[in-house]
Amino acid sequence: MPAQKLKVAITRRLPEPVETRLAELFDVTLCDSDTALPREELAARMAEVDVLIPTLGDRIDAKLLSGAGERLKLIANYGAGVDHIDVETARARGIAVSNTPGVLTEDTADMTMALILGVSRRLKEGVTLMQSGDWHGWSPMALMGNRLGGKRLGILGMGRIGQAVAKRAQAFGMSVHYHNRRRLRPEAEEEIGARWWDSLDQMLARVDILSVNAPHTPATFHLLNARRLKLMKPTAFVVNTSRGEVIDENALTRALRNGELAGAALDVFEHGASVNPRLRDLPNVLLLPHMGSATVEGRLEMGEKVLLNIKTFADGHRPPDLVVPSML
Numbered sequence: 067m068p069a070q071k072l073k074v075a076i077t078r079r080l081p082e083p084v085e086t087r088l089a090e091l092f093d094v095t096l097c098d099s100d101t102a103l104p105r106e107e108l109a110a111r112m113a114e115v116d117v118l119i120p121t122l123g124d125r126i127d128a129k130l131l132s133g134a135g136e137r138l139k140l141i142a143n144y145g146a147g148v149d150h151i152d153v154e155t156a157r158a159r160g161i162a163v164s165n166t167p168g169v170l171t172e173d174t175a176d177m178t179m180a181l182i183l184g185v186s187r188r189l190k191e192g193v194t195l196m197q198s199g200d201w202h203g204w205s206p207m208a209l210m211g212n213r214l215g216g217k218r219l220g221i222l223g224m225g226r227i228g229q230a231v232a233k234r235a236q237a238f239g240m241s242v243h244y245h246n247r248r249r250l251r252p253e254a255e256e257e258i259g260a261r262w263w264d265s266l267d268q269m270l271a272r273v274d275i276l277s278v279n280a281p282h283t284p285a286t287f288h289l290l291n292a293r294r295l296k297l298m299k300p301t302a303f304v305v306n307t308s309r310g311e312v313i314d315e316n317a318l319t320r321a322l323r324n325g326e327l328a329g330a331a332l333d334v335f336e337h338g339a340s341v342n343p344r345l346r347d348l349p350n351v352l353l354l355p356h357m358g359s360a361t362v363e364g365r366l367e368m369g370e371k372v373l374l375n376i377k378t379f380a381d382g383h384r385p386p387d388l389v390v391p392s393m394l
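The numbering of the sequence shown is this note's numbering, which starts it at 67 and goes up by one.
In case anyone wonders, no lab produced these hints; they're calculated from the structure. Glycine included, each C-beta is placed from N, C-alpha and C at the ideal position. One thing to keep in mind: the hints can contain errors.
Computed Cβ-Cβ distance ranges for the label pairs, DEER-style [stated by the list, open to error]:
{"#": "1", "residue 1": "254", "residue 2": "79", "range": "36 to 44 Å"}
{"#": "2", "residue 1": "253", "residue 2": "168", "range": "37 to 45 Å"}
{"#": "3", "residue 1": "374", "residue 2": "199", "range": "23 to 31 Å"}
{"#": "4", "residue 1": "299", "residue 2": "256", "range": "21 to 29 Å"}
{"#": "5", "residue 1": "95", "residue 2": "386", "range": "35 to 43 Å"}
{"#": "6", "residue 1": "154", "residue 2": "386", "range": "19 to 27 Å"}
{"#": "7", "residue 1": "168", "residue 2": "299", "range": "43 to 51 Å"}
{"#": "8", "residue 1": "340", "residue 2": "157", "range": "27 to 35 Å"}
{"#": "9", "residue 1": "257", "residue 2": "199", "range": "24 to 32 Å"}
Quick list of in silico lysine-lysine cross-link-like pairs, DSSO-like style, CA-CA up to 30 Å [to be verified]:
{"#": "10", "residue 1": "377", "residue 2": "299"}
{"#": "11", "residue 1": "233", "residue 2": "139"}
{"#": "12", "residue 1": "129", "residue 2": "71"}
{"#": "13", "residue 1": "190", "residue 2": "299"}
{"#": "14", "residue 1": "129", "residue 2": "139"}
{"#": "15", "residue 1": "73", "residue 2": "296"}
{"#": "16", "residue 1": "377", "residue 2": "129"}
{"#": "17", "residue 1": "190", "residue 2": "129"}
{"#": "18", "residue 1": "71", "residue 2": "296"}
{"#": "19", "residue 1": "139", "residue 2": "296"}
{"#": "20", "residue 1": "296", "residue 2": "217"}
{"#": "21", "residue 1": "129", "residue 2": "217"}
{"#": "22", "residue 1": "299", "residue 2": "217"}
{"#": "23", "residue 1": "233", "residue 2": "217"}
{"#": "24", "residue 1": "377", "residue 2": "296"}
{"#": "25", "residue 1": "190", "residue 2": "217"}
{"#": "26", "residue 1": "129", "residue 2": "233"}
{"#": "27", "residue 1": "190", "residue 2": "296"}
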């Protein structure tokens, strides 16, 4: 089908340059809202388009896919993660799925370091004190945090983002340790100065800060459960910029409330926007609204990837960022 005749639907507002370019190339149904479409409206769009551009907040399960129209042949996800899409069912129905990997690595690694600094140096408590008007001047014992230099950083998931975090941690004088389902090549380990741990349990017991950079898969769901969190030192911090489902959020909350961990900094949550209210009340917990990839440059590059995937598909070729079973 010629590219200009492809009917494309977007489920959220995207950066204006991305929407403009999509409109130039395809017959596009835009979205005026920056919130998730009602399920019924999402189903209606899927029933009448060739390409759907969803985002992380759009759960495209088997039931929704069963009602998709015969025209739908590509789900060009605006984002790297695809755990919100039933990829296997889509493939069974002849619907390809693509994503936008690689472009958010540096942005997410930057935010990871920001959270590491924020929680270890108690920035939330400092900001709260200043905004309340209760600060009355410097004190030797006030809001003492922890120096990063010399601390052990454990990285759970040493993919692109994990390695980018490791390089940044090196610059802060941290000792980098990691657990991954596959060990890096020796030269890669040497470049980032990282030590591999085959046993996640053993690594957890030794690190001062844990950075979670693993995707959400059936194998990683609640990988950090109550038992594993208890292995960590009571002076340790947990930072998560990957997927909330990797951590048992209730278990984490209990550990923090019981003083079994020193603090946590989270940009993602197990139940999306439904954040455990007990987490909000803890002074040693820094929470952000999934901002890890939120840069102008990153959002535009995501759009460019979506455009390339659709255009390549429209020209009769395999999208460069096609999601295949081995990736899941």
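Query raised in the report: What are the numbers of the hints that this structure violates, sorted from low to high?
Result: Result: hints 2, 3, 5, 7, 9, 10, 11, 15, 17, 18, 19, 21, 24 and 26 break, sorted rising.
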